[in-house]
Amino acid sequence: MPSVKQKSLEIDINPVDGGNEFCLRGEINEDLIIDELVGFKSDLVKVNFEEVSMINSCGVREWIKLMEALANQGCKVQYFNCPQIVVQQVNMVTGFVPNQGEVVTFYAPYFCEDCDNEEKVLLTSSELKGRTAPELKCGSCGSESEIDAMEDVYLNFIPE
Amino acid sequence: MKINFLSKSEEFSAEKLSAVLTEHEVVTNFDNVGNEDILIVDISLLENLQDHFDYFKKLAKNLVFVSTSNDFNIKFAFEILSKSSPPYHIVGLNTPECLEKVSELVGCIVNRSTLSLQEMLGETLKGVEVQIQDSSKISETIKGALGQLEFENCFSQIKDTLSQLINELLYNALFNAPTDEKGDQQFLEQDRKDHVSLDQNKAATLQIYNTEDKILTSVVDHYGSITKEVIDSHISRNEVSDKAGGAGIGLSLIYNNSHELIFVVEPGVQTEVISVINKYKRYKQNMKHVRSFHFFIKE
Ligand SMILES: [Zn+2]
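Here the protein sequences come in this chain order: G and Y.
In terms of numbering that gives the first Met the number 0, the first sequence opens at residue 0 and continues consecutively.
In terms of numbering that gives the first Met the number 0, the second sequence opens at residue 0 and continues consecutively.
Extracted from the complex, chain Y is given alone in its bound form:
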């Protein structure tokens, strides 16, 4: 694989990445963008790379944005990515794990895999799995699921974090995902004070896995209706919407509470959203951990 890594940072360079990804050809070539298999771009350079925007947008292959600064301008990255073809990925924050994360991602792109829950966990682990079809049961479902788990070696706030994260994931699955025969969203503008109930075969599935070093949460809906545009316009949003329906900041809360956020969309069939939180005894470490976002379309 030919990887073009546009970066001017010394600590996060093609040379460093090449040392990790020995099987691949990693270069930095600002003049020949578009002829690589994977293009990795340091977000901090974006403003100087205006000429390349069209390439980024058109690249149908694989685009990875990384940020080597703590001032991770995710809004800007999503604005650009909103016009590129999937799959795309964003990895950010200047931490040692950043390089590791990018190399893991390259492995994933090479193997054409989607960072699915099975791939991450293997088959050995047992987690909590619940089906939910009725939005009035969201709160008790979350309490029941989290009540079965003990998160050792993790900061004490973790249950509050997960509770909020899962709440938003389930609201999305029950209110935003459902579409009718015409493909229109059924409950998009429904007042959230009124509850919805899905058919049993359309119930969403919540899974939580608590491993030695990670907490993985997955919510699957059976509609596969979320689009890249919706994600791009909501993921870094910090203003509530005054339209009927959801408040518009749920996705941003989910992203902010996850280290890794993965969307695997099988259009018209299902969407799986996976949130990964690495376990740290200290909350500060949790805040400092590299964050990444991944979007896959499964044909």
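Chain G on its own, in the form it takes in the complex:
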């Protein structure tokens, strides 16, 4: 498994069915060097954002450049395990998800009124009915737990 170690970000590259998976670990910022990643040519790149701890505006710009370079090679991109900080960029910045890309799974904050338990729940975009998050059972007390965000804003990236 090749691994690319950059100043602020480490990227493990694993072959998966139909392409490659990029597992990111660290911060996406101005130190991201995209040339090292564009070389892994494939039809599909699955990006795993699980361990991304920070993303700043310059990182967003470098990331968009990477996505454009992959798109120019005809590569399709899928995003997995997007934490809240990544969902914010997805919703806010034009081009953060390229045209031929999609957010497959992402985290949403959930809150239980009964026991004040806060959880990050992994949701699958295709399983949502429009921009409505499901009610779930609280992981701590079993009561009903609901999404702790304004759905029309947080789930804005999901097609209506």
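Certain hints may be false.
With a cut-off of at most 30 Å between alpha-carbon atoms, the simulated DSSO-like pairs for lysine-lysine come out as follows [stated by the list, open to error]:
#, chain 1, residue 1, chain 2, residue 2
1, G, Lys-136, Y, Lys-287
2, Y, Lys-192, G, Lys-45
3, G, Lys-6, Y, Lys-158
4, Y, Lys-227, Y, Lys-1
5, Y, Lys-192, G, Lys-4
Which bits of chain G does chain Y cover? Going by a derived footprint, with three or more residues having C-beta under 8 Å, they are [what the hints assert, rightly or not]:
#, segment
6, 52 to 63
7, 88 to 101
8, 110 to 120
9, 148 to 158
So, partial list: chain Y residues that the calculated Cβ filter (under 10 Å) puts toward chain G [said to hold, decoys possible]:
#, residue
10, Gln-156
11, Leu-215
12, Ile-234
13, Asn-237
14, Val-239
15, Gly-247
16, Ser-251
17, Asn-256
18, Lys-280
19, Tyr-282
20, Lys-283
Since the hints were made in silico from the structure, they are not lab data.
All C-beta atoms, glycine included, are put in the ideal place defined by N, C-alpha and C.
Given the coordinates of chain G, assemble chain Y with the ligand onto it according to the supplied hints.
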């Protein structure tokens, strides 16, 4: 003070505001714009108020834009405000705190104060204060500062939010603020991969105060170079720039992560940017809280 409040909303009316601001005369007068001390305009009416645009632009006094809808068209507001004289303010989102915020603002305009950190905190509180002159230290400075604080009664994501917010504030202070003797920006087009280092007497100051119900972050640079035009053209931007230098969306990230964003510019001397986040256990409440933007020029 004579306040003209142009609104057609029942829940957010001159009558309601008048009940809070008992010392002032609050009226709604669409036909006599320009003769008030403070003009408050409901953004949702802007499209119907085309005839008044020239007044808004020329008003040298005090202009406050409010939005009573959740669909807060900030881009539109900034477009209009970009041609008005400072000071100006925008308060938005339809929440109960909106009225409260506007009345606080009127108090501030009346007293000619600037919503400074001292005014907001009094003198009693202790916070974290760090000087930073070297951009390569931004990341560790933020980690060090936030590591000293515990944000109780606040949603768990708060440290990530602050970390991003402070990152953008410090990049602005170290890369965008510095000007040379001619007043030209020194590092505007510098590749952000290359670091900059300022003289010690020009170091930026980061302060974070964690109170019972608010988190206040302030970054001061010693250049006072940011202009209203730059703010107006960047604050609601959602496309990255392909020019050399910054990505162009930092200000918009700062605004989106703050409940109150205040710029106090002393031209050629210093700029203080203050971000206020009200503490909520629930992230949803944080998202719903009224947002406001304030710009002051200190002579
Ligand atoms: Zn529970």
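(request) Any hints from earlier that this structure breaks? Give me their numbers in increasing order, please. (result) Checked against the structure, the hints that fail are numbers 11 and 12, while the rest are satisfied.
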